[in-house]
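Enquirer: The lines below spell out each chain.
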Amino acid sequence: MPNREEALRRIFEATGVSGRLTDDQKKELLAHVEDAVEAKVGAGVPEMDAVGQAFEELGDLKKIARDFPPPASGATFTTPDGLIHLWWGGAAEMGYILLLFFAFVEMMILPSFALVFAKARIPLPGLTILSLTIADFMRANWPLVLGALLVLGIALYQMRRPGRQRRVVECILVLSGSILCALVLAAATLPLISLLEGSWRR
Amino acid sequence: MELRPLVLAILESRPLYGYEIVQRARRRANLKWEEGTLYPLLHRLERDGLLASEWRKAPSGKDRKYYSLTRKGKTALAKDRAEWKEQVRVVSEILLGGRHAKPGRSAP
Chain V
1 MPNREEALRR IFEATGVSGR LTDDQKKELL AHVEDAVEAK VGAGVPEMDA VGQAFEELGD
61 LKKIARDFPP PASGATFTTP DGLIHLWWGG AAEMGYILLL FFAFVEMMIL PSFALVFAKA
121 RIPLPGLTIL SLTIADFMRA NWPLVLGALL VLGIALYQMR RPGRQRRVVE CILVLSGSIL
181 CALVLAAATL PLISLLEGSW RR
Chain L
1 MELRPLVLAI LESRPLYGYE IVQRARRRAN LKWEEGTLYP LLHRLERDGL LASEWRKAPS
61 GKDRKYYSLT RKGKTALAKD RAEWKEQVRV VSEILLGGRH AKPGRSAP
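Sequence lines, in order, name chains V and L. The opening residue of the first sequence carries number 1 in my numbering; numbering runs sequentially from there. The opening residue of the second sequence carries number 1 in my numbering; numbering runs sequentially from there.
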């Protein structure tokens, strides 16, 4: 027969919300129920009634799970549902890493392909021309791109630290992200327009 | 009711864990709430740097997460207290016609 702690844990798991909580949050809520049950049993309430009352007094578990702030990076989950939650929690970092990879490919790798294409003198598909133009633009404006990436990285790091001025950091994120997007879009749109113009003339 | 100042005030004297905070609130002011709502609040206050936390052994021998006020939390509590005093002063002024209004005296 499981002990009280184990029995409470099983009841908690059965509510279906534990997957949305980090291990830390789950442990804390379970400790609360355990303390409440212990106090009630000590006051003479039958164990089963005490468990029911403790969960009732705790309140709507789904609402509580929703109200917790988003987990910081490094929080641990043990269920698939929780892993999805953690993935969303780390989506910003993941996006940033992809952006770094994109910048690296555009600035360091694509230019060497451009030389090969130029020597081969074959007509290139629109998307390739687009990528090469973005690469040219990013190489030409590398201090700006590097600065925007740095600011974005610092702002993301600050966002994840407790007690930061979120609004200021959010402004920095939006500003640097907008500059970066505007630069890439500007670099991408102009050659597209000239490509379309060229095809209409033909 | 805004719970933040109450939680900060309860934690002013010494570090406590969630269940103890609920019990103190109940003992001091007969405050009844959905006890679970305390935990998201504690986590938000910790994220905002007003509280610090650590898991350690309670007198019962079990691990409990103790919360304590940070310097920023103490400043926030002082600010909440000042705001509350001002609110009480304003409401007393309107409802009772002054802080030292005598029973029976009506508001102007």
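Derived by calculation from the structure, the hints in this document are not laboratory data. Every residue gets a Cβ at the ideal spot worked out from N, C-alpha and C, and that includes glycine. Errors might be hidden in some of the hints.
Claimed, not checked - Here are the computed distance ranges between Cβ atoms for each label pair:
#1 Glu54/L / Asn141/V: 44 to 52 Å
#2 Gly61/L / Ile11/V: 49 to 57 Å
#3 Ile109/V / Leu3/L: 37 to 45 Å
To be verified - Just some of the chain L residues that point at chain V, by a computed CB distance under 10 Å:
#4 Gly18
#5 His43
#6 Trp55
#7 Arg56
#8 Asp63
#9 Lys65
#10 Trp84
#11 Glu86
#12 Ser92
#13 Leu95
Enquirer: Now tell me if each hint is right for this structure.
Expert: Quick rundown of the hints versus the structure:
Taking 44 to 52 Å as the suggested C-beta distance range, the pair glutamate 54/L and asparagine 141/V conforms, at roughly 48 Å. Checked against the hint of 49 to 57 Å, the C-beta distance between glycine 61/L and isoleucine 11/V comes to roughly 23 Å, which is inconsistent with it. With their beta carbons about 54 Å apart, isoleucine 109/V and leucine 3/L fall outside the hinted range of 37 to 45 Å. A cut of 10 Å between beta carbons decides the hint on glycine 18/L: the least distance to chain V is about 5 Å, and the hint holds.
Among the interface hints, the one on histidine 43/L holds; its C-beta lies about 5 Å from the nearest C-beta in chain V, closer than the 10 Å criterion. The criterion of a C-beta within 10 Å of any C-beta in chain V is met by tryptophan 55/L, whose closest approach is roughly 8 Å, and the hint holds. Interface restraint check: arginine 56/L against chain V, minimum CB-CB distance 12 Å, threshold 10 Å, status violated. The restraint placing aspartate 63/L at the interface with chain V holds, with a minimum CB-CB distance near 7 Å, inside the 10 Å limit.
Because the beta carbon of lysine 65/L sits about 5 Å from the nearest beta carbon in chain V, less than 10 Å, this interface hint is met. Violation of the interface hint for tryptophan 84/L is found here, the shortest Cβ-Cβ separation to chain V being roughly 23 Å, above the 10 Å cut-off. The beta carbon of glutamate 86/L comes no nearer than 25 Å to any beta carbon in chain V, farther than 10 Å, and the hint placing it at the interface is violated. Restraint check, serine 92/L versus chain V: the minimum CB separation of about 34 Å is more than 10 Å; hint violated.
At its closest, the beta carbon of leucine 95/L sits 33 Å from a beta carbon of chain V; the interface hint therefore is violated under the 10 Å criterion.
The structure fails to meet hints 2, 3, 7, 10, 11, 12, 13 from the earlier list, while all remaining hints are met.
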